[in-house]
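Take a look at the letters that make up each chain.
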Amino acid sequence: MKQREPISTGSEWTFELIQKYDEEIARVAAHYGLDTYPNQIEVITSEQMMDAYSSVGMPLNYNHWSFGKQFVSTEQQYKRGQMGLAYEIVINSNPCISYLMEENTMTMQALVIAHACYGHNSFFKGNYLFRTWTDASAIIDYLLFAKNYIAKCEERHGVDAVEQVLDSCHALMNYGVNRYLRPQPITPEEEKNRLEEREEYIQRHLNRLWNTIPKKEEVQESESPRFPKDPEENLLYFIEKNAPLLEPWQRELVRIVRKIAQYYYPQRQTQVMNEGWACFWHYTLLNHLHNEGLVTDGFIMEFLHSHTSVVFQPPFDAPYFNGINPYALGFGMMQDIRRICEYPTKEDRKWFPDIAGSDWNKTLQHAMRNYKDESFILQYLSPRMIRELKLFTITDNSTLSTLQITAIHDDSGYQKVREDLAASYNIGNREPNIQIYNVNVRGDRSLTLRHYMHNQQPLGEDTEEVLKHIHRLWGFEVHLESVSPEGSIIDEHHCPLRPQTEEVA
Amino acid sequence: MSYIIDRRLNAKKKSTVNRQRFLRRYKKHIKRAVEDAVNTRSIRDIDQGGQVSIPTKDISEPVFHHGNGGVRERVFPGNKDFVVGDEIKRPEGGGGGSGQGQASNQGEGEDEFTFQINQEEFLNFMFEDLELPNMIKKQLRDATSFEVRRAGFTSVGSPDKLNVVRSLRAANARRIALSGKERRQIRELKKEIKTLEGLLPNHDAVLQIAALNVEIKALNKRIKRMPFIDEFDLKYNNLIRTPVPSSKAVMFCVMDVSGSMTQSIKDIAKRFFILLYLFLTRSYKKIEVVFVRHHTHAKEVDEEEFFYSRETGGTIVSSALNLSADIIRDRYPPDDWNIYVAQASDGDNWDGDSHHCRELLEQRILPLVQYFAYVEITTGPHQNLWLEYEQIREKFGETFAMQTIIEPADIYPVFRKLFEKKE
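Chains A and B supply the protein sequences, listed in that same order. Residue 1 is where the first sequence starts when you use the working numbering, and the numbers rise one by one after that. Residue 1 is where the second sequence starts when you use the working numbering, and the numbers rise one by one after that.
With the rest of the complex left out, here is chain A:
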């Protein structure tokens, strides 16, 4: 490869240099076939970075106290030096917006450009979850619509009334997605146009549901069909469409929170892959530039310094251990897949007959496009990675007095470790599976939720609080039953609280 003059030698950045680096990185990224949205690179101050942090990384968002709380705590930690600010924030939008902090050195800016503008960006554009669940070209407009709408509601109905509804919706934010039904993308213009239409429709629809004149008890209670017919996993959707007492504007707030929750849904499921992909590409792209002589040795040393601290995995007994570092796991796996493709060992050929020796770039692209964390780990975590990270499984059975080591990095353990690790990224395991089970349409309008227990894990102590929020939205009694896989009811929660003595029908 012919050696060229370095782009820059100092650590100070300028807009011209950023432009030049971006052009070179774009050239190399295209060489590797990365498909990205156009980039919009914005230089901001650390203060603005804190602002961005606290509105969940969004350039604009509606006002809510919880964002203020986030801001206050970020500010506090930053000032105390407990936390550095992230070098970058990148937004899944089209064009893809990335923030660079002005305090960064030129090397860091180049790292961020490679990481965010080409790594994350191509992931947003390529991964199936993002393609299905988010509409990159519409999100900014939708947020603007949401912000204005909520501001208008605050004017009309008061900040407190709006805040109450938002609080309740936030409590259910993780239950605002239909995991198996894919949404149709809608543009914000349509959204606005259909707003009134929808309000009217829902009111009519509701009235039909609730106005059913109660017939005499000719039908046995047990025979009356359940509503909804099948359990509904999207609690926010169900409330938006069916809660009897909500005003139209309150329904719209529920919808806004649900839409935004849906936008974050892919991010929650692809953290390891997304970060691993971005780290892999900043590493590959910048090393490529170094090989070409476009960046200096000093540059690459500074880069490696921050790179290695980002992808470091502390062991479980280290004082600063905080779970498995998604950057470390993701980057390690991406590198490992490339290795399996380029220099497969006998073990690799046995475990990964399909990809050992294949074209690494195609294989990685395929993995990036078609997997989420859970399936990615299940498919690609190699014995070698397990050995490198020295992974082991602890089984915590609350009926036993001790914890068991049930698998380690050896022949008999690889499979189990891999499955356990993959399972821990399954949202269905991580969060309690709670669905709408029944509404007492003809009687007291009470709402019954069911918690389908996983591995006999009970609900945490926030449950009563969340039920209060559901009760606020629903307006009538709310019941929650924890159900074992065999179908028997193990535990119950009620809101408002029931007297202990009463028998539950």
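In short, the hints are calculated from the structure, not lab data. The model shown is predicted, which means the values in this text are computed figures rather than measured ones. Quick reminder that beta carbons are idealized off the backbone N, C-alpha and C, glycines included. Be aware that one or more of the hints could be misleading.
[As the list claims (entries may be wrong)] What follows is a set of in silico ranges between Cβ atoms, one per label pair, in the way DEER data are often shown: (1) Tyr3/B to Lys350/A: 36 to 44 Å; (2) Arg90/B to Ser412/A: 19 to 27 Å; (3) Val83/B to His366/A: 17 to 25 Å; (4) Leu9/B to Ser11/A: 50 to 58 Å; (5) Gly67/B to Arg445/A: 40 to 48 Å; (6) Ile88/B to Ile490/A: 27 to 35 Å; (7) Glu23/A to Arg7/B: 19 to 27 Å; (8) Leu9/B to Gln415/A: 51 to 59 Å; (9) Glu154/A to Ile5/B: 24 to 32 Å; (10) Gln19/A to Arg90/B: 19 to 27 Å.
Dock chain B against chain A, hints included.
Positioned in the frame of chain A, the structure of chain B alone reads:
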């Protein structure tokens, strides 16, 4: 193609609204935290800032999550010597059971959500709607400290302030003004001489010129006779004294430490003093605090001793008032200092002394101070000290205030009452 945009000049403080909402929502908590701070910190440290802690559970946003229990399998990195089948002890407090799901970004295991409110906010939470009585009056009208400033010139004054330039200029002007008629005549005579000179060597003309010259001489003589300087010309520099608002304050904390004062009464008193101190810090750049404690004798002490050392004995309030008055006289001339006195007591006093206290206050203290606040911390009936003070309140309503505190919760309302805005 990428767009590179410089956003650094865009609006900062985007989060201000959200932050305000947060503070507003947790106003009660923050107020409580502020009041706790009042209780525990040293008087002088209080205004250092506003670390506010709120129990995390009060501000958490609840979501459904798994509780402890059931079976879970978790994968960890960094195995050193575990092999399959090893059993290890469950970590204390069920810590091994939680931690799944979203990692908390507030930091796990912290029971308190701690953040900073700035001093301004901190104090605002303490002193909503309050205003120091008489303070504005003090600054505008009643100020007793002066600065000498030049204010033009006057025609009366002492010789040391004589302004020579101005005086001579005035004299010159006077001479010019008063000699106008003579000099006009001289000018006319000179003109005549000139025309006559045209007629020379006419004999008549020669005679006339001589006569005119004599006339001019006489006029010049009259001009010369005008005084070079007159008393009327004298100008003096005018210096006036302008009042300067004093920016220094001294606060006297006077407390009874006799046997009847329990620790809880002292705690209440401390909080009252803190409030006063904080309030003064908002108005004055420099504040000194003098602690005077007394039983039968009064003594000036440091803060630690003031609040925490125990002594017993009878009670003679006037000893403390005497000492305070002496300290004011010796160290805090009222011209330079704004003087505030806060006295806390349980109301006990030796019977014969209360009358003496009233005299002391009326003669030696109240004329000098901005404000004298007396709080009586008692559940019992008022005694003679209170009755004497009530008489003072009638006479000195502007600068003297008194209140009863029964339990800690009363402090704040009482403080507000003492210092409420007076129209």
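field: Contradicted hints - numbers only
entry: When the structure is compared with the hints, numbers 1, 3, 4, 5 and 10 turn out to be violated.
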